[in-house]
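Protein chains: 2
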Amino acid sequence: MGEIVFVGLGLHDDVGISLRGLDEVKSADTVFAELYTSLLPGFSLEKFEKTCGRRVNMMSRADLEEGNAQAIVKAAENHKAVLLVPGDPLIATTHISLRIEAEKHGIRTRIVHGASILSAAIGLSGLHNYKFGKSVTIPFPDETSSETPYSVISQNKKLGLHTLCLLDIKVESGRFLNIHDALNEFLRLEAERKERVITEETLVVGIARAGSDDPTVRAGFIRDMLNFDFGGPPYSLIFPGELHFMEIEALTVLAGAPEGLERASK
Amino acid sequence: MGEIVFVGLGLHDDVGISLRGLDEVKSADTVFAELYTSLLPGFSLEKFEKTCGRRVNMMSRADLEEGNAQAIVKAAENHKAVLLVPGDPLIATTHISLRIEAEKHGIRTRIVHGASILSAAIGLSGLHNYKFGKSVTIPFPDETSSETPYSVISQNKKLGLHTLCLLDIKVESGRFLNIHDALNEFLRLEAERKERVITEETLVVGIARAGSDDPTVRAGFIRDMLNFDFGGPPYSLIFPGELHFMEIEALTVLAGAPEGLERASK
Numbered sequence: 001m002g003e004i005v006f007v008g009l010g011l012h013d014d015v016g017i018s019l020r021g022l023d024e025v026k027s028a029d030t031v032f033a034e035l036y037t038s039l040l041p042g043f044s045l046e047k048f049e050k051t052c053g054r055r056v057n058m059m060s061r062a063d064l065e066e067g068n069a070q071a072i073v074k075a076a077e078n079h080k081a082v083l084l085v086p087g088d089p090l091i092a093t094t095h096i097s098l099r100i101e102a103e104k105h106g107i108r109t110r111i112v113h114g115a116s117i118l119s120a121a122i123g124l125s126g127l128h129n130y131k132f133g134k135s136v137t138i139p140f141p142d143e144t145s146s147e148t149p150y151s152v153i154s155q156n157k158k159l160g161l162h163t164l165c166l167l168d169i170k171v172e173s174g175r176f177l178n179i180h181d182a183l184n185e186f187l188r189l190e191a192e193r194k195e196r197v198i199t200e201e202t203l204v205v206g207i208a209r210a211g212s213d214d215p216t217v218r219a220g221f222i223r224d225m226l227n228f229d230f231g232g233p234p235y236s237l238i239f240p241g242e243l244h245f246m247e248i249e250a251l252t253v254l255a256g257a258p259e260g261l262e263r264a265s266k
Numbered sequence: 001m002g003e004i005v006f007v008g009l010g011l012h013d014d015v016g017i018s019l020r021g022l023d024e025v026k027s028a029d030t031v032f033a034e035l036y037t038s039l040l041p042g043f044s045l046e047k048f049e050k051t052c053g054r055r056v057n058m059m060s061r062a063d064l065e066e067g068n069a070q071a072i073v074k075a076a077e078n079h080k081a082v083l084l085v086p087g088d089p090l091i092a093t094t095h096i097s098l099r100i101e102a103e104k105h106g107i108r109t110r111i112v113h114g115a116s117i118l119s120a121a122i123g124l125s126g127l128h129n130y131k132f133g134k135s136v137t138i139p140f141p142d143e144t145s146s147e148t149p150y151s152v153i154s155q156n157k158k159l160g161l162h163t164l165c166l167l168d169i170k171v172e173s174g175r176f177l178n179i180h181d182a183l184n185e186f187l188r189l190e191a192e193r194k195e196r197v198i199t200e201e202t203l204v205v206g207i208a209r210a211g212s213d214d215p216t217v218r219a220g221f222i223r224d225m226l227n228f229d230f231g232g233p234p235y236s237l238i239f240p241g242e243l244h245f246m247e248i249e250a251l252t253v254l255a256g257a258p259e260g261l262e263r264a265s266k
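Top to bottom, those sequences are chains A and B. Residues 1 to 266 (the working numbering) make up the first sequence, in order. Residues 1 to 266 (the working numbering) make up the second sequence, in order.
The set of hints was computed from the structure by calculation and includes no laboratory data. Hints are not guaranteed to be accurate.
Computed spacing ranges between beta-carbons, pair by pair [unchecked claim]:
| hint | chain 1 | residue 1 | chain 2 | residue 2 | range |
| --- | --- | --- | --- | --- | --- |
| 1 | A | L226 | B | E49 | 45 to 51 Å |
| 2 | A | N78 | B | T199 | 44 to 50 Å |
| 3 | B | M1 | A | L187 | 19 to 25 Å |
| 4 | A | E103 | B | L159 | 28 to 34 Å |
| 5 | B | E49 | A | D224 | 42 to 48 Å |
| 6 | B | E242 | A | S154 | 16 to 22 Å |
| 7 | B | N227 | A | E259 | 54 to 60 Å |
| 8 | B | T199 | A | K47 | 51 to 57 Å |
| 9 | A | L226 | B | K47 | 48 to 54 Å |
| 10 | B | E103 | A | K47 | 31 to 37 Å |
| 11 | A | R188 | B | N227 | 52 to 58 Å |
| 12 | A | S173 | B | R193 | 29 to 35 Å |
| 13 | B | A71 | A | G231 | 32 to 38 Å |
Partial selection, computed: residues in chain B whose CB lies under 8 Å from chain A [claimed, not checked]:
| hint | residue |
| --- | --- |
| 14 | L19 |
| 15 | R20 |
| 16 | D23 |
| 17 | I96 |
| 18 | I111 |
| 19 | H128 |
| 20 | K134 |
| 21 | L161 |
| 22 | E172 |
| 23 | S173 |
| 24 | G174 |
Calculated lysine-lysine pairs in the DSS-like style (CA-CA distance at most 30 Å, straight line) [to be verified]:
| hint | chain 1 | residue 1 | chain 2 | residue 2 |
| --- | --- | --- | --- | --- |
| 25 | A | K131 | B | K50 |
| 26 | B | K158 | B | K50 |
| 27 | A | K50 | B | K80 |
Quick caveat, the model's predicted, so the values are computed rather than measured. Beta carbons are placed, not taken as given, at the ideal position from N, Cα and C, and that holds for glycine.
Chain A on its own, in the form it takes in the complex:
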């Protein structure tokens, strides 16, 4: 019986994979990878192939989503196929579909987890994990309105909870929603809706390049964050809800938050 092993590449580059994941790659009959569901800015295919001693078949979005990933299912029929995926591999819904399809074909599936932006962004911020509500992706403003993220942030804030927002990316075309544009779109929406959920005085934490050697993590009011230079992508934003005093200290010491957060967090 064949199998597909979904192996997480973790964050940022070609050394985010776990030792267990590398062993799975080395013992696979065929190795596939997709690099479009998240951006790994430092990933070198050449370096990765050298590390694992295997040739890697790159899969495009079209291969995996439109072609229903037949190549992978076929390769796994009586053999072991590995699919390398950025982050933790089954967070992207497209891979859940592939996994279900494979299992229905009698192909065994396994997961080798990797570091995910979901826990990495929380860890980098110094905020407490159990105080995060629902998370959300912020779309490109020229494609979709940010009504949904605005509502999610609003609902979480009412419950005193933090919101993790992932900023949309189009890896294939090299487009990355940046923090400036995401915040501006929220202010535009606020001007329309006037609900006082996201204003220039709202505290946010911006995170860039989580998992790299030089991530940028910066907390501040939107009026100041609009012009802060976060460097290269990918980007996340956290909208804090109610802050514990230890979280205020973390934002101040670790993320350069301004004085006076005790008052701002009320």
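Based on these hints, arrange chain B on the given structure of chain A.
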């Protein structure tokens, strides 16, 4: 200037660390580890020390929490210290405190992320990440009531959201809250409160040994899950909110959920 690098060990054993993490260990002046904030059932210190070629100083809860981790701060004053931590390292609040203390002493801190149960449990369940609300830890019933988890699940359900629950562990004394006892305590609370939040007909997803080669992932109604054998720890539970049809298919194909979930999820 010295530095502390917090390196995530990922899940389950000694091969969950990333290649980047292993490099940090190899180039450290001193290597510390704590293995009490999460359970890594397959971790062998001997094997890990062989892999990295370094001696690892094991830190107890008392070393890190009561002694304020002076040994690590001291080792990092003019050198590079690595602290190995299960999962993604800055999810445990105790390490946020250490990080703040170190930065206040002028010691640089960095994070090498690892796979976390937060994303792993979501990925294993086949449920959609952006539909999870606040998560919660379920305490031992003989120590603390499960009032808080009950309320968190109730609030999330009202919003249609899923709840990830981590079951408490005491690694030092080898005590692990199991799924049977956690569910029983919820039913006891339900009998008191009569809010119809968690009954024998409630759908749950139980997860054991995430990150291992043989995790158990099983979806079913509480009446059936009470006697299901999940094998060894650690354990997580997911209380689903509203289910998308793709999530129902995932629970059915990947987690053995019973027929008729479309009705049960209403």
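Quiz item: Among the hints numbered above, which are violated by the structure, and what are their numbers in rising order?
Solution: 3, 12, 22, 23, 24, 25, 26
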